[in-house]
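The listed protein sequences derive, respectively, from chains U and G.
Positions 481 to 580 (the working numbering) are the ones given, in order, by the first sequence.
Positions 39 to 609 (the working numbering) are the ones given, in order, by the second sequence.
By construction, these hints were calculated from the structure, which means they are not laboratory data.
Everything hinted at is true.
SDA-like mimics (lysine to any residue), calculated; alpha carbons at most 20 Å apart, straight line:
#1 LYS563/U <-> VAL526/G
#2 LYS448/G <-> PRO497/U
#3 LYS539/U <-> VAL497/G
#4 LYS448/G <-> GLU500/U
#5 LYS448/G <-> PHE507/U
#6 LYS448/G <-> GLY499/U
#7 LYS374/G <-> TRP504/U
#8 LYS563/U <-> ARG524/G
#9 LYS448/G <-> HIS503/U
#10 LYS374/G <-> GLY499/U
#11 LYS563/U <-> THR511/G
#12 LYS539/U <-> THR407/G
#13 LYS374/G <-> GLY447/G
Beyond 12 Å from chain U on every Cβ pair, some chain G residues (computed):
#14 MET87
#15 PHE98
#16 ILE170
#17 ILE201
#18 GLU283
#19 GLU476
#20 ASP487
#21 HIS575
#22 ARG583
#23 ALA591
#24 ALA597
#25 ILE607
Taking beta-carbon pairs under 8 Å as the criterion, some of the chain U residues facing chain G (in silico):
#26 VAL519
#27 ILE521
#28 ALA528
#29 ASP529
#30 GLY545
#31 TYR550
#32 GLY551
#33 ARG571
By construction, the Cβ of each residue, glycine as well, lies at the ideal position given by its N, Cα and C atoms.
As a plain string of letters, each chain reads:
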Amino acid sequence: MGEHDPRTESAPSHRLPPGEQPHWLDFPRNVTRLVWGLVLISAVVFVADAFYESHPYFKHDGWFGFYAFYGFIACVGLVLVAKWMRTFLMRDEDYYERDR
Amino acid sequence: MSATASLAPIVSPGLAYMIGGLLVPLLRPAGARGYVLALPIAVLGYALMLPEGHHATLAFAGFEFELLRIDRLSTLFVIVFLIAAFIGNLFAWHDDDPVQRTAAQLYIGSTLAAVQCGDLASLFVFWELTGIASVFLIWARGSERAFRAGLRYLLVQVGSGVILLAGLLIHASATGSLAFDHIGLDAPGGKLIVLAFGIKCAFPLLHNWLQDTYPEATVSGTVILSSFTTKLAIYALARGFAGTEMLVPIGAVMAMFPIFFAVIENDLRRVLAYSLNNQLGFMVVGIGIGTELALNGAVAHAFADIIFKALLFMAMGAVLFRTGTVNGTDLGGLYKTMPWTAGFCIVGAASISAFPLFSAFATKSMVMTAAAEQGRWGIWAALLFASAGVFHHAGIKIPYFAFFAHDSGKRPEEAPLSMLVAMGIAAALCVGIGVWPESLYALLPFPVDYRPYTVSHVVNQLQLLLFSALAFTFLMRSGIYPPEMRSVNLDTDWLYRRLMPDAAGAILRALTALGRNVAKSFLEGLAATLRFVSTYHGPDGVFARDLQVGAMAMVVVAALAAYLVFYFIFP
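Produce the complete structure using the sequences and hints provided.
Structure follows, in structure tokens:
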């Protein structure tokens, strides 16, 4: 798709209606900056685990970065299982209307 | 504790609201708009003035009926229901359909009345009324599809009421009392009653009416529907079944399974309906655990959920209103022309995800802490998974696919001012409760010594949420994330929307064919019998040979004449 092509990185990622000025979020370069910002804040929060005294409820939730790992793995797992569920649950949009 | 005689005839706030709602059809639309905003405020003022205790009792046929039982639990729900009523009616400002407006007020009023009932029989009456009034919010959409969805809705709602009736009759005849206090599974009729509550609360396998019917209602109808029925069921569970162990695993399952469906669902209001199911799971777990912290957490979360769920449904309702669609495949890029709606949607998304400084941060964690305090690490881990999941499918998916993502090319106008103000009020409450949770804690049934804003809680929650966001970003950028697709996904509604009608149709066709064959054989047999008989008795038959009709007539006339002659000659 040309995401790493410097010419299109600084151009809007899709065609706009005529006469409309592109918004800063239309440029893939800016979206990438947002993503790096997210990575940065996440890293800060991850490292913050070293700077306070934790009171874990159980044995494992006091591990360094437990919640970070849990959140990341849970979401990836969730999406992969949901994708698999789609293979047998998905039907056409008009599945329930078809025979009427 | 007992009613003082002088308070006996007072009208419950719910009844007052319903009577107020009946006046709506008599008003001109312009007047009705403002009237339905004043009504919740007036009734709230009235409700807060009433003292705690048991009022409006009526002894009849050996049982005591109680229409007004006021305590901290019921008052909390009355307050949040009236707030939701105001916000919902304001959101519906533009919709002057008198049927919808009246039905909404009757629905709200009967929910209020149900929450303040002290006996099971009155609860049953208002329980059914909520279903009957609210179905009009679905039918008002006007399509054939909405009509059928409304019928399915009515079947489920009235069905739950009938089960409640069966349970309460067993309970009343065995215990001699109709009082609606703690019932428990082991009490006579208890299992039926909890089943009735569970249907309206969307227990697993009984849940799909929620996702099937809520997205079929009108733009404002769904907002109002989302606030009342399920939370009435939560109230009823909290009142009747607090501490029932069975509710804990049920609630945990309820919190987990909907998020899988939500990830692959295209209709964003149906995604929100799955999300509602997931949030109800947290509340059910809290009720099941039954400690003061857990119950406080369950009802506090119900309070917060009513508001941020309404906010999210309002944002999607505004999108539906302006673009005509709410499918993820057809939306995207709307932030450019609907920035306020997008912003309010993000506030709602942050609230449901329990971001620090938003409402659910102070409420959901009460339930989780209560689970952890009891050493229930499996339940706690399940709820933590559900918390990450809700951020994913509601916190991120809803605003992202509606307002950002790929540019759909649609440039709808911003939502009308009435909708924006309604969303703004809800958003302000979400932030207000988040920043100042003590204001909500003061209303809870039990004293609270829980402090949500500890360093570890804030850091842990931020880790959970930010890394979930990272996972989403990684999955999107790598192309692994399943794209929005025009589709429906089968859930248990398939059983009664496809399997049962198809099976019933097949049986009917078989019976009709059988009936036709039986009738055909019978008629053929009859015809053969008649043919047989006519070979002997018909005009050419043996038994018909002897006399012609005319000859018979001559014989009769001759006999008559002979008789007359003899009569005159021999008198």
